[in-house]
Amino acid sequence: MQPSNVYTPLLAPIRRIEHETPDTTTYFLEAGQIPWRASYKPGQFVEVSVFGYGEAPFCLCQSPTRAQTIEVTIRRTGKVTDQLATFQVGDVLGLRGPFGNWFPFDRARGRDLVFVGGGIGLPPLRSFINYALDHRSDYGRIHVLYGARSPSDRVYKDELAAWSRSDQLTLLETVDRADDTWKGPVGVVTNLVKELQLDTSRTMAFTCGPPIMLKFVVAELRTLGLADKDLVTTLERYMKCGIGKCGHCCVGQSYVCVDGPVYSFEQISHLPEVA
Amino acid sequence: MERRTLSKHCLPAFLEALGERRRVVAPRRLPTGDIVFAEYAGGGDVPLDYVNSLLPPKDLFFPRREVLFTIEGSRRPVLSAPPTEKPLAVFGIRSCDVTGLTFLRKFFGERGFVDDSVIRRIDDALILSLACTTPGPDCFCVCCEGGPFLTSGFDLQMVDIGDDALLVEVGSARGQALVDEHGALFRPVDEALVAAKRRAVEHVDATFERRSYIAAGIKRISLGRVPPETWERLAADCQGCGGCCHVCPTCSCFTVDDVPTGDQTWQRERTWDSCLYSGFTREASGHNPREPRAERVKRRFFHKMSFQYIERMGRHGCVGCGRCVTTCMGCLDISTLLERITQDAAE
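Heads up: the sequence lines are chains L and V, in that order.
Residue numbering for the first sequence follows my numbering, starting at 342 and increasing by one per position.
Residue numbering for the second sequence follows my numbering, starting at 1301 and increasing by one per position.
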């Protein structure tokens, strides 16, 4: 008998695999049987099953406006993702979701958008970046700032190239360590924030990356005059269920899987585990 | 409230009759003297003279190990549901544990996400509770609105106050149907028993110990008035064993793993977890946002007692069963911790 409880994933074959960096891969999953394939919101996440090895949460990294497939960008980090790295096109993954809240795309309407991503922090932002590009007239100027450890650690290289040529947004990039191929700036992404000419009264910023990057980026954006309610990030926590039951992801009274993962700094800056 | 009388010698016949359609679970006394909940085998005596079971019957509804589904093949998986379970009839649950079960029912069904298997087990179960007339040394339900008598949450509440008879109080339509169906066993209520219960309530009121620091301590935690140094000092006594969570009628944290059962077969299992384990929040990268022990201990009591959770759940997360008092080797059970916090504040 088919299991039918809230923990049963839908089955989704891998249709395409794109190697982004030496340790990071994007999986394009067959969406035909996924009822929510076009109705999820940018910023939400899914629980991905590698059957026999476990389940882990990953952001939906593509805008629902472009979801011919379900896209997840995953870095090899542990048991589940190590096994996933051996999977090929045609192999089947499990999906539960979509879970969590989403980027405040309604509240951001009419505002200038600044996205600041570090390393593997770009994928969650990308769901909203492409959503905003597909609703271009709803938003003001769009800036995307991206920092990676090295040129080979950049994800979505083709898309970054397309964004750099586009007149719909401005893309600024930097790397911590350059190589012979790199012609751009070298240094932390905070340096790029300093270059921005922002009308802070009409700007909202969305940032995702390692904690140390967040700390400096947020400090810089505050210096420029952005209010905490207009500074938005996504939290990541160990989690099992995705539906507010297993207890692992609690921060204060907030369940990151249900109340998050998207928070403004107004909501979280007082939390000791975040600051 | 509808009332009936049930002769104690009719209890086995009643439980056996329930067994036709249900998995009947009742208290059983181990050779050690401890009481556990076990499948009722029929025939024998059912103990009624116990303070409480060693462990709460939570395990029957939210099993410490539960198969969510089975998996055949990793890359081309076929998933199968675990076998369907017979609905439960649980006799002898003490009032505090029924209160805990009501708490779990709310938690596992709230916020738009229904945890099917737990909710189904609770909703389908007959709850035949046994009210308390004699407190145990670690009991403090009277300080936590956890007992010793219930007004809701049960189908039938039994009170052992007669020499030979139990007073039976009906708490639901299902309970009413039950006493009607088994009319030959459930006699009209004996008014002497009703009077005896009234006296028992008064007696209990006089004998169950009131611990003023329970409410005072909860208030301090709830309002975030416990200083970090106090948490540090208290947490030094925590062994991180998770025992308090595992014996608690309201603790609900769990983890999920794929466990191999053969060549290319697994079952996805849910098992109890504890927020006091250092690995509870450790991420795949190794980063752990709640590594320090004091933070973990604080987290447990914040979850149990903070006003945010009280607001969400309609009550705090302690029913006063006292099992953590028996279990904790570090004097960090709820009662002692609240006492220490209150003393600390007074100094």
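Keep in mind that the hints were calculated from the coordinates and are not lab data.
Fair warning: there could be bad hints in the mix.
Said to hold, decoys possible - If you only want the chain L side, here are some residues facing chain V, beta carbon under 8 Å, derived:
(1) 349
(2) 351
(3) 395
(4) 480
Claimed, not checked - Restraint ranges, calculated between C-beta atoms of paired labels, are given here:
(5) V/1332 <-> L/426: 49 to 57 Å
(6) L/543 <-> V/1359: 40 to 48 Å
(7) V/1592 <-> L/610: 34 to 42 Å
(8) V/1528 <-> L/594: 48 to 56 Å
(9) L/536 <-> V/1584: 30 to 38 Å
(10) V/1524 <-> L/418: 48 to 56 Å
(11) V/1527 <-> L/357: 54 to 62 Å
(12) V/1323 <-> L/426: 42 to 50 Å
(13) V/1505 <-> L/418: 22 to 30 Å
(14) V/1592 <-> L/543: 36 to 44 Å
(15) L/565 <-> V/1524: 52 to 60 Å
(16) L/490 <-> V/1584: 14 to 22 Å
(17) V/1420 <-> L/374: 22 to 30 Å
(18) L/540 <-> V/1537: 32 to 40 Å
The beta-carbon is built from N, C-alpha and C at its ideal position, and this holds for glycine as well.
Do the hints match the structure? See the list:
The restraint placing residue 349 of chain L at the interface with chain V holds, with a minimum CB-CB distance near 6 Å, inside the 8 Å limit. Nearest Cβ of chain V to the Cβ of residue 351 of chain L: about 10 Å, over the 8 Å cut. The hint is violated. Satisfaction of the interface hint for residue 395 of chain L is found here, the shortest Cβ-Cβ separation to chain V being roughly 5 Å, below the 8 Å cut-off. Violation of the interface hint for residue 480 of chain L is found here, the shortest Cβ-Cβ separation to chain V being roughly 30 Å, above the 8 Å cut-off.
At about 51 Å, the beta-carbon gap between residue 1332 of chain V and residue 426 of chain L stays in the expected band of 49 to 57 Å. Between residue 543 of chain L and residue 1359 of chain V the C-beta distance comes to about 56 Å, which lies outside the given range of 40 to 48 Å. Between residue 1592 of chain V and residue 610 of chain L the Cβ separation comes to about 20 Å, which falls outside the hinted range of 34 to 42 Å. At about 18 Å, the beta-carbon gap between residue 1528 of chain V and residue 594 of chain L misses the expected band of 48 to 56 Å.
As the Cβ distance of residue 536 of chain L to residue 1584 of chain V is approximately 34 Å, the hint placing it in 30 to 38 Å holds. As the Cβ distance of residue 1524 of chain V to residue 418 of chain L is approximately 34 Å, the hint placing it in 48 to 56 Å is violated. Separated by about 55 Å at the C-beta atoms, residue 1527 of chain V and residue 357 of chain L satisfy the suggested range of 54 to 62 Å. Look at residue 1323 of chain V against residue 426 of chain L: about 44 Å separates their beta carbons, and that is inside 42 to 50 Å.
The supplied range of 22 to 30 Å is broken by residue 1505 of chain V and residue 418 of chain L, whose beta-carbon atoms lie about 57 Å from each other. Hint check: residue 1592 of chain V to residue 543 of chain L, Cβ distance near 41 Å, so the stated range 36 to 44 Å holds. Between residue 565 of chain L and residue 1524 of chain V the beta carbons are some 33 Å apart, a value that contradicts the proposed interval 52 to 60 Å. Between residue 490 of chain L and residue 1584 of chain V the CB atoms are about 18 Å apart, so this pair conforms to the stated range of 14 to 22 Å.
Separated by about 26 Å at the C-beta atoms, residue 1420 of chain V and residue 374 of chain L satisfy the suggested range of 22 to 30 Å. Distance hint check: the CB atoms of residue 540 of chain L and residue 1537 of chain V are about 55 Å apart, inconsistent with the given range 32 to 40 Å.
Checked against the numbered hints given earlier, this structure breaks hints 2, 4, 6, 7, 8, 10, 13, 15, 18; the rest are met.
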